[in-house]
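Visitor: So you can see what is in the structure, the chains are spelled out below.
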Amino acid sequence: NAGVTQTPKFRVLKTGQSMTLLCAQDMNHEYMYWYRQDPGMGLRLIHYSVGEGTTAKGEVPDGYNVSRLKKQNFLLGLESAAPSQTSVYFCASSPDSPFGDTQYFGPGTRLTVL
Amino acid sequence: GNSVTQMEGPVTLSEEAFLTINCTYTATGYPSLFWYVQYPGEGLQLLLKATKADDKGSNKGFEATYRKETTSFHLEKGSVQVSDSAVYFCALSFDYKLSFGAGTTVTVRA
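Quick note, the sequences are listed as chains A and B, same order.
Mapping of the first sequence onto this note's numbering: residues 1 to 114, in sequence order.
Mapping of the second sequence onto this note's numbering: residues 1 to 110, in sequence order.
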């Protein structure tokens with residue numbers, strides 16, 4: 001049981017390049033989330049999904065797109081990267097249950113945009 | 001809206017000292033409250049949670065009590081160890097989403 005995994009762990013992009021971050025979970029969780037972590041700002045929700053085939057905007061969605069084609073995977077895309085998107089990105093998942101508000105986090109992806 | 005304010009750091013302590021990290025919240029309804037911990041180079045892990053007023057969450061010697069009257073969920077540990085050095089985040093849950101505080105960096109010296 002690997003829990004929540006993220007690929008890649010590190011990435012450096014040039015301004016204007018695109019990339020996709022992959023999140024996978026093997027816990028059969030319904031809900032999945034993408035956050036960014038910036039110094040002094042805690043974690044901010046980018047997008048989330050309440051089930052396969054669904055996505056919704058979080059607090060800071062601009063410049064990002066997501067897809068949830070399979071229940072176990074949640075992809076975060078940057079179509080045209082900007083230096084303001086330099087951050088550490090965390091994926092999380094949670095079950096759909098009375099205890100469903102506990103989220104389980106991946107190890108993070110550190111992205112630098114030059 | 002829903003938000004969390006937690007004590008700014010960094011906090012530096014000696015081993016066996018008492019640790020308190022303050023957390024207050026603003027919310028509509030009755031959210032669940034959490035403390036997550038992030039060790040260096042890792043993702044966040046749930047430390048403890050409380051789902052209703054007067055509940056006490058506890059784990060690894062840490063405790064926090066859900067105080068509705070003061071809208072607070074302060075984290076405490078009576079005797080810290082070097083291994084407790086980490087960033088601690090207070091969070092509240094609404095609608096299956098989490099709202100986080102800014103995080104408090106704690107360093108424990110031997």
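In short, the hints are calculated from the structure, not lab data.
Treat the hints with caution; some may be incorrect.
Unchecked claim - Derived DSS-like pairs: lysine-lysine, alpha-carbon spacing no greater than 27 Å straight-line:
no., chain 1, residue 1, chain 2, residue 2
1, B, LYS97, B, LYS56
2, B, LYS97, A, LYS70
3, B, LYS60, A, LYS71
4, B, LYS56, A, LYS9
5, A, LYS57, A, LYS9
6, A, LYS70, A, LYS57
7, B, LYS97, B, LYS60
8, B, LYS97, B, LYS68
9, A, LYS71, A, LYS57
10, A, LYS57, B, LYS97
Note that the structure is a prediction, hence the values are computed from the model and not measured.
Visitor: Hint by hint, say whether it matches the structure.
Guide: So, going through the hints one by one against the coordinates:
Only pairs whose Cα atoms come within 27 Å are accepted, and LYS97 (chain B) paired with LYS56 (chain B) is accepted, the gap being roughly 21 Å. For the hint pairing LYS97 (chain B) with LYS70 (chain A), the CA-to-CA distance comes to about 21 Å; that is within 27 Å, so the pair holds. Taking the CA atoms of LYS60 (chain B) and LYS71 (chain A), the gap is about 33 Å. The hint is violated against a cut of 27 Å. Among the hinted pairs, LYS56 (chain B) with LYS9 (chain A) is inconsistent with the structure: their alpha-carbon atoms are about 36 Å apart, more than 27 Å.
Of the pairs offered as hints, the one joining LYS57 (chain A) and LYS9 (chain A) holds, with about 24 Å between alpha carbons and a cut-off of 27 Å not exceeded. Between LYS70 (chain A) and LYS57 (chain A) the CA atoms are separated by roughly 18 Å; this keeps the pair inside 27 Å, and the hint holds. The hinted pair formed by LYS97 (chain B) and LYS60 (chain B) meets the criterion: a straight-line CA distance of about 25 Å does not exceed 27 Å. With a CA separation close to 20 Å, the supplied pair LYS97 (chain B) and LYS68 (chain B) stays within the 27 Å bound.
For the hint linking LYS71 (chain A) to LYS57 (chain A), the alpha-carbon distance of about 18 Å falls within 27 Å, and the restraint holds. For the given pair, LYS57 (chain A) sits about 11 Å from LYS97 (chain B) by alpha-carbon distance, which is consistent with the 27 Å threshold.
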